[in-house]
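S.K.: Protein chains in written order, with the numbering used here: chain A, 382 to 589; chain B, 382 to 589.
Just so you know, nobody snuck in bad clues.
Identical chains blur together in the list; that is why a pair holds if it fits in one copy or across any two.
Straight-line alpha carbon distances no greater than 20 Å define the calculated SDA-like cross-link-like pairs of lysine to any residue that follow:
#1 405 / 474
#2 543 / 561
#3 384 / 484
#4 390 / 400
#5 478 / 394
#6 544 / 499
#7 505 / 416
#8 481 / 464
#9 384 / 480
#10 390 / 434
#11 384 / 471
#12 458 / 484
#13 390 / 476
#14 434 / 424
#15 481 / 452
It should be emphasised that the hints constitute simulated quantities derived from the structure, not laboratory data. All figures in this text were calculated on a predicted structure; none of them were measured in a lab.
Protein chains: 2
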Amino acid sequence: MYKLPRVLKSLAESFERLPGIGPKTAARLSFYLLSVPESFLVDFANSLTDLKKKVLRCQICFGVDEEDPCYICSDEKRNQNLICVVENPLDIIAIEKTGKFLGVYHVLGGVLNPLHHIGPDDLKISELLVRVEKRSKSGEEVEILLATNPTMEGEATALYIKKEIKNRIFDDSKLKLSRIGSGLPVGADLGYADEVTLSKALSGRGDF
Amino acid sequence: MYKLPRVLKSLAESFERLPGIGPKTAARLSFYLLSVPESFLVDFANSLTDLKKKVLRCQICFGVDEEDPCYICSDEKRNQNLICVVENPLDIIAIEKTGKFLGVYHVLGGVLNPLHHIGPDDLKISELLVRVEKRSKSGEEVEILLATNPTMEGEATALYIKKEIKNRIFDDSKLKLSRIGSGLPVGADLGYADEVTLSKALSGRGDF
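Bound conformation, chain A alone (with noise of 0.2 Å):
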């Protein structure tokens, strides 16, 4: 059996720890790294070390800036009163890429998963009911946007938001529930989508 060096035995399991990444890859980058600037390897060492001390989560939405609460939730052109519920803070970089949307956030950290034991304890959704109730005894109009994925444990944690909102909120005249458009991808092809797809995209099927 090949004796690997340690050092790049340790890296090749750093790698094969991310997701995604199974013991080829992890060897073929670890060995890749062999082969560039130690200039490299430092600043990718530092932004490791550096993550935890200086990525905070915001402590309104759970989203992650350099600033608590997040420059989101502290901007005052950003309608409040518009919460869009997501699983993680990548979804809010694809949100916010399209220039569309000029609400706040609230990421949940996650979905229920049963299978996973991820219960609604594990997610930020107590969270939400509080930061929901606050705003709607304000007395103006507020609408929460959930934007989980269109999965089947997406779908199930809008479902369980929703019943949990219509539970706590007894004047409900003023709060809006919404969930984000299911259909047919920009680009796709009528002929291969799936069923399920297609009848989401027929019953969402809007004016023109």
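Based on the hints, put chain B in the right spot on chain A.
M.R.: Just chain B now, with coordinates in the frame of chain A:
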């Protein structure tokens, strides 16, 4: 546009420079690391900074090890007159895993590739020639197993090395050149094999 914390951005940029990792995967990996224990990040960072310090290039075979010469080149049980020429150190691992090779190695550090401006001087070819010349002067039987990949560039590199060795070694009665076997991989289906592989499998047929 979403304002990403600088350290997350620089971490994603580091990941993005790795082969086979695009911007989306880089972002996903960086965000994933926000959720791992601090100790893992520290280990990962230490492996990166120690990499160049603790991994040495063997000055005989150009493989990697913690010592120079490497443990394979300094192993007296190995046949120093059977030299397997490979493209990179990862190939050594693959061959060592079989446990079937008891010679030594020579790492070229790549293959000839005119499109990427990689010529003979960029590879450890002259070092190989010196090594072969030295060994063949001992009067013993010497075998050079050319185990570059069976790709266009790998074949061209093997042919180039063959020609150079023939040019250099006048007395080649004790020198044997061989090429790693090409043919159908185990578990393959004849009907799906490409014609070049199948041709190689036919011309390289063995006794049964």
